[in-house]
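Join these two chains into a complex; the hints should help.
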Amino acid sequence: MNISRYCRAWCATLLLLTGSPSLLAATPDDQLIVGMNMNNLLTLDPAAMTGNEVMGIVVNLYDGLVELDPRQLTHVRPALAERWEISADHRQLTFHLRDGVHFHSGHPLTSEDVIWSMRRVLHLNLAQASVWKSYGFSKDNVDQMITAPDAHTVVIQLPKPNDPQLVLYSLAALGSMVVLDSKTVQAHAVNNDWGNRWLTTHEAGSGPFSLDVWQAKDVLRMSRDANYWRGAARLTRVVFRHLQESQTLRLMMQKGDIDIASNMAIPDVQALRHDPDLTIDAVQKGTLYYLAMSMKDDHFANPQVREAVRYLVDYQGINKTLMAGYGTLHQRPIQSGMPETLPDPGYRLDVPRAKALLAAAGYPNGFDTTLRVLADQPFLNIAIAIQSTLMQAGIRAKIITGTGNQIYGAMRERQFNLLVGRGGSGVEPHPHSSLRSLVYNPNNADSARLTNFQGWRTGFYDAQLNKMIDQALLERDTQKQQQDYFAIQRRYDQLIPALMPISQMTDSVVVNNRVQDYVPHPSATTFLRDVWKTPDSLAGGAQ
Amino acid sequence: MTLTKRHWRRARSRVLQVAITLFGLLLLTFFIGRVMPLDPVLAIVGPDADHATYQQVYHQLGFDKPLWVQFWIYLQGLLHGNLGLALLTGQPVINDILRVFPATVELATLAILLGTGLGVPLGVWAAARRNSVVDYLVRIISLAGYSTPIFWVGMIGLLLFYAHLGWVGGAGRVDFSLDGIVPRRTGLLLIDALLAGNLTVFNNALNHLILPASLLGFHSLAYISRMTRSFMLAQLSQEFILTARVKGLTEWQVIWQHAFRNILVQLLTVVALAYGSLLEGAVLIETVFSWPGFGSYLTGSLMLGDMNAVMGCVLVVGLIFVLLNLLSDLLYQVFDPRTKV
Numbered sequence: 001m002n003i004s005r006y007c008r009a010w011c012a013t014l015l016l017l018t019g020s021p022s023l024l025a026a027t028p029d030d031q032l033i034v035g036m037n038m039n040n041l042l043t044l045d046p047a048a049m050t051g052n053e054v055m056g057i058v059v060n061l062y063d064g065l066v067e068l069d070p071r072q073l074t075h076v077r078p079a080l081a082e083r084w085e086i087s088a089d090h091r092q093l094t095f096h097l098r099d100g101v102h103f104h105s106g107h108p109l110t111s112e113d114v115i116w117s118m119r120r121v122l123h124l125n126l127a128q129a130s131v132w133k134s135y136g137f138s139k140d141n142v143d144q145m146i147t148a149p150d151a152h153t154v155v156i157q158l159p160k161p162n163d164p165q166l167v168l169y170s171l172a173a174l175g176s177m178v179v180l181d182s183k184t185v186q187a188h189a190v191n192n193d194w195g196n197r198w199l200t201t202h203e204a205g206s207g208p209f210s211l212d213v214w215q216a217k218d219v220l221r222m223s224r225d226a227n228y229w230r231g232a233a234r235l236t237r238v239v240f241r242h243l244q245e246s247q248t249l250r251l252m253m254q255k256g257d258i259d260i261a262s263n264m265a266i267p268d269v270q271a272l273r274h275d276p277d278l279t280i281d282a283v284q285k286g287t288l289y290y291l292a293m294s295m296k297d298d299h300f301a302n303p304q305v306r307e308a309v310r311y312l313v314d315y316q317g318i319n320k321t322l323m324a325g326y327g328t329l330h331q332r333p334i335q336s337g338m339p340e341t342l343p344d345p346g347y348r349l350d351v352p353r354a355k356a357l358l359a360a361a362g363y364p365n366g367f368d369t370t371l372r373v374l375a376d377q378p379f380l381n382i383a384i385a386i387q388s389t390l391m392q393a394g395i396r397a398k399i400i401t402g403t404g405n406q407i408y409g410a411m412r413e414r415q416f417n418l419l420v421g422r423g424g425s426g427v428e429p430h431p432h433s434s435l436r437s438l439v440y441n442p443n444n445a446d447s448a449r450l451t452n453f454q455g456w457r458t459g460f461y462d463a464q465l466n467k468m469i470d471q472a473l474l475e476r477d478t479q480k481q482q483q484d485y486f487a488i489q490r491r492y493d494q495l496i497p498a499l500m501p502i503s504q505m506t507d508s509v510v511v512n513n514r515v516q517d518y519v520p521h522p523s524a525t526t527f528l529r530d531v532w533k534t535p536d537s538l539a540g541g542a543q
Numbered sequence: 001m002t003l004t005k006r007h008w009r010r011a012r013s014r015v016l017q018v019a020i021t022l023f024g025l026l027l028l029t030f031f032i033g034r035v036m037p038l039d040p041v042l043a044i045v046g047p048d049a050d051h052a053t054y055q056q057v058y059h060q061l062g063f064d065k066p067l068w069v070q071f072w073i074y075l076q077g078l079l080h081g082n083l084g085l086a087l088l089t090g091q092p093v094i095n096d097i098l099r100v101f102p103a104t105v106e107l108a109t110l111a112i113l114l115g116t117g118l119g120v121p122l123g124v125w126a127a128a129r130r131n132s133v134v135d136y137l138v139r140i141i142s143l144a145g146y147s148t149p150i151f152w153v154g155m156i157g158l159l160l161f162y163a164h165l166g167w168v169g170g171a172g173r174v175d176f177s178l179d180g181i182v183p184r185r186t187g188l189l190l191i192d193a194l195l196a197g198n199l200t201v202f203n204n205a206l207n208h209l210i211l212p213a214s215l216l217g218f219h220s221l222a223y224i225s226r227m228t229r230s231f232m233l234a235q236l237s238q239e240f241i242l243t244a245r246v247k248g249l250t251e252w253q254v255i256w257q258h259a260f261r262n263i264l265v266q267l268l269t270v271v272a273l274a275y276g277s278l279l280e281g282a283v284l285i286e287t288v289f290s291w292p293g294f295g296s297y298l299t300g301s302l303m304l305g306d307m308n309a310v311m312g313c314v315l316v317v318g319l320i321f322v323l324l325n326l327l328s329d330l331l332y333q334v335f336d337p338r339t340k341v
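Protein sequence lines, in the order shown, are assigned to chains A and B. Each residue of the first sequence is one higher than the one before, starting from 1 at the first, in the UniProt record's numbering. Each residue of the second sequence is one higher than the one before, starting from 1 at the first, in the UniProt record's numbering.
The following block holds chain B by itself, in its conformation from the complex (with noise of 0.2 angstroms):
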């Protein structure tokens, strides 16, 4: 009985946690947009109208209101889920997210899978060879990819493979000629093809997806490859390691069965946050290759200082990052007996 109402009263701090998190995101991007200088009326206008329709506009979406009457209606028209409408796209805000999240889903999710199958094994490769070649050469790589602009190498990687060598598909999620042909019902364009039993758009949006997530995937293998080796090597220096040598294991056990799984659960929540950021918006990737994704829509709506949009887009942005937060701790919990008590 006490333990339910402790984790009541747990869970209840931890919504309230949340809620106050993402109130205060709302507010400060809200008031931050309404002073950046930048005019959605003139974008939807032209430059070239004149005062009576600049005004119609300008009352028509509520700006003659002063601002915390525009921050209280809006806040009203969340509580009813109602995130407003785009300015870029005349839709409700919420539709247009699920219409370019997905995409942004496939590329991260691919690039998390790269980053994260290269990057573990090299990370605790170069703990296991501290200052070996072997280890200056993971670093060389990590440092590599944290250090590069991932816009340059976006450019160069669509010169070499696709312009140069002829291996991959261009900008865009798949071949133009094929866009469309195939129904969407998850989103998700390699799915939606199989579900369609399309082979020539799977193979042909797989072949559009593996170079951004590729580099997207070099950019969070650096970051997981790196932390990785710094929990290893705390891992290796403990003295059960010593023990376990002692014992007469041999080096892959102690490495892989020993120290790996004592990282574990830190590394999970490496992987996951990793994973957040590129859900967050791979947003100089989708602008080199035209990817119809999270990151582009975004980025479009703050330039048109179209504030519904990058308030919805906010709000995904923290949702996301507080659920992989809980998420994580979860994992703690479960593998981490300490955390229990």
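If we strip away everything but chain A, and leave its shape as in the complex, we get (with noise of 0.2 angstroms):
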């Protein structure tokens, strides 16, 4: 019949134009090719960036005054700065910067360039300076507390008293204070903004690559440094390339097209999970998936409601269930695994206990309310099954699901009722990021618009407890300090908080076999650096 002619003479074509199988050989030896979804990749200006794939590629381009071992992340390792000390009143850390760094522009670098770009953090005021202000840095006294004596010393002054170990750490982990060659920068700044603009889509560094070009939602490459001053990378070259369907990112990791995928959905990435090429870097992160309650809320300012709630939440069925490769199971404001993270309460669902709390508070029916959650793997889950058990009581909780936008939009003006999101700082291994991000509330007037804090996001003030967590950051005495923490996670406990913790995030990376010396860093600092490949060759017998 005709038809099967033309469909005949359609595959042959299709097979002419196709058939070329060597176009299909493994990604070559000397690149590493990332794929990742680049939505959230607005930026690559260290002082603006938001969110951790900027991150991973920021550190790469640039270099900081210290970083953080990836391997023991409590590890401050020497980078720009070859040594520092900190002074005995706790109030100057001074950075001994090393000789012979130039920039990919061929500039050399001086504590000037190291000044400058911290300068211009404050001076911006963009993303990266929320931290830095919390310090009590600003642009007016930045020029005054970071000085540089001569062009090899930089000397910090903290302007309030804190712990310079977490002062190095956010040093270390944040990559808002990279060094950026400022006279590059200032030769592209337009009407006064610190070469902003030209940053976006421009680097000034001088990490081991070197930006080539970065197109938005579509492609980043970066070639090696010939002459970075720790001697050039393994690689020649590395390209992330934005692929946004999961799906597709699966099956390119399968055929050996991409060797490292990043936020890929976890059902693709338990698929690959058996894949004898491939291996899944479980990194623990120190944002923690959480249910808030606003306490603006009339029946969320009571007490006893939120013991009921408490209750209310199948916190062992959701990480069992919901959570595999999200999280694991945590109940405590800061991190697992630190040694000042006391061990979980043991909460778990107890229906017949909250409906005594709630009879007790006035709601014997329970009560109508909304709970807010992003339209996204596992909040939506989390959302569904914290739905469920609260019908149980009563707490007949309507979804409202949203873009990340509206639901933290909806949080940032105190506006919700309950929410299911995931906080926290928990980039710096120091117990004082997670309490500053989820805890911390200095001030809970609706005037003071701490938006920075998740603590005044929930209306959750506590004078006493900001008193322990102010002083727990000052105590000298590791071993007192220590007790400190311990002290501050149990009056939180006690004081029934207005954000529950459920889960610690884990990040999911899966990657090829034939990448060698790849440490994904739970701060997003990866990086890339030491990273090599086993050549194609020798895939099969590699690992």
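Straight-line alpha carbon distances no greater than 20 angstroms define the calculated EDC-like cross-link-like pairs of lysine to aspartate or glutamate that follow:
(1) K355/A to E307/A
(2) K480/A to D470/A
(3) K285/A to D48/B
(4) K133/A to D48/B
(5) K398/A to D314/A
(6) K285/A to D376/A
Where chain A lies over chain B, by a calculated footprint (3+ residues, C-beta under 8 angstroms):
(7) 27 to 41
(8) 47 to 59
(9) 89 to 96
(10) 155 to 167
(11) 175 to 183
(12) 286 to 297
Hint data in this document are derived by calculation from the structure and do not stem from the laboratory. Keep in mind it's a predicted model, so treat the numbers as computed, not measured. Backbone N, C-alpha and C define an ideal beta-carbon position, used for all residues, glycine too.
Encoded structure:
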């Protein structure tokens, strides 16, 4: 029949056009191809960046004064600073820069560049200024607080008492204080923007790789700097590709067309778990999945209602069935694995107890409320699970879904009832990092608008707890400091907080076994300078 | 003289119509964009930023001005050829559009060639053998093309032809290791590869293009074959066809030389509109295949609430349709003498 002739002709054409098997070889030995969703990658400017994706890129284009050892998180390693001292009064950090470091432009790196980069963060006052402002730095005092007595020394004075170890961790883990080539950036500044617009798509660093091109939601390519001060990276080129569809990412990972896949949907990660050519790295992050209640809502302002809600979450069930690959059970505001972290209090679903508490609070028949959640997994599944357990005690929560923007936007406005979200800094390996983000709330007034503190967003305020957090940070005796953090966690628990941690986040990265010495970092500062690949010809035998 | 005047008047009213249409489109998009519950400021500063930073960016973007002032500022910029800056890239919107558009043009052009090349003969064939097996098959094909979700077909296509059979390249315009090897001249990768004399990249790019273009082509084939079939049926029932048959012309001559010639102009409009909608953004296919084109750009900007970029895209889409309509009108005038009166 004629139609079959047409079909044959069409298939033959397709074959002719496409039948070139040599094009499907594995990735080149000297290039690393990373597939990821780049939707959140809006800028490469270290002062303005938000999110983890950009951090992993920036730390490979720039150098910081110090960095964290990915294998031993509390260990601060020298980077641009070969050594540093902390003054006896804990108010001053002095960094001694190594000699002979050059930017990609060829300009030598001096202490002037370091202090200019730090001033820039505070003057621009964009996303990355937040933590430094909480340490007391401002654009008005930064010129006095950060100085360069000579070309190789940088002195940082702390505007208010702080734990200098935390400041060191912030310098190492945040990526916001990487050092920029001040001359190059200034040459591209427009309207006093400190080069912000130019740096959105360019770099001016001294890192192991220099940027070739970044096209938003498409591709980012970087090539190694042959003159890098630590010695040239082993890979010649790193290509980050935007792959929005997790299933596409999975197919390409299976075919060996990409070497590393991040932000893949967990069902796809699980599907790759048994592939002998691939390894799944589960990286524990400091951020926590939580159920938040607004204390601006009369229901949840009542501690008995909050306590009832505490017993209306099936923590164990959620973590067992919904969180595989996303997170692990955790019920404390400080991330797990720290010497300061207390064991979980062991809360579990207890409907009769919750009902009794609700009755005592004056709601024997429960009440109606709303539960906001990101329209994304695992958030949505957690919300559905919580909705059903709340219902068992008569709390009828209507689920409202939205984008991150909408959900966290409502939280920032303190206009929500219940909310399933994820937060907490946990970037620095210091208990204060999480407490600052999740618990601390120095001023609960609406007008204070402390939107960067989730304590304020939930309206949870306890003057004594704030005082304890401030004091623990300044405690110099490490034993005593640890006891102080234990006490903070106990008090937080007794107060029946508005924000209840459910699970600690893990991030799954799928890595081809040809990739060697790739150590994903919990604070997303993953260094690629030492990464290499076994040659394709040996791929079958590798690992 | 009178003819020139009439032409001039017609052209002027046409330009006015286009301007009013585009203005209306912009006005609508602008206000819908502003009432959407999306906060581009939050996207820029991140969820953990403090209030001072939020306020600073809010002010920088001019969101503290009244809506109509914002719209007026946008229009003023537009009159100077300035579409504003995109939040997603920090680049002028016009540069972004020029960057992403060729990728879509490449995809859509191959798709429309495939869709037309197969859709028209299939439609003619189905009409010529009305209610035969062939006709039913063509109708099933076009129904399938209409009703199967292109996202799903794309995924299945990748699974079969890329992952299982290994005939075609995966996502993206070229294998990732070949990215950026050919210097960008036209933005059309096939042409750029040829200009650079790099056949490896050319083959590879073609290999990546064939699957998404075939799937999109299948989609437009459905529409084109269906329209062709109904145009042809209308022609074949006319008396002049009967006359031609009575005169003893072969069926081939009757169909192609008499009936088909008469539907050519209508078909051009159909193909032009199908091409327009492909250019507008084969959003889902671009998503599945990570195709860095116009559709991906537009959806990314929408998700972010990046209204400068969205308005720029809307303007481009509006212009494409206006131009395609104009083109098909002109073609009517050239080919169909009745419209000249």
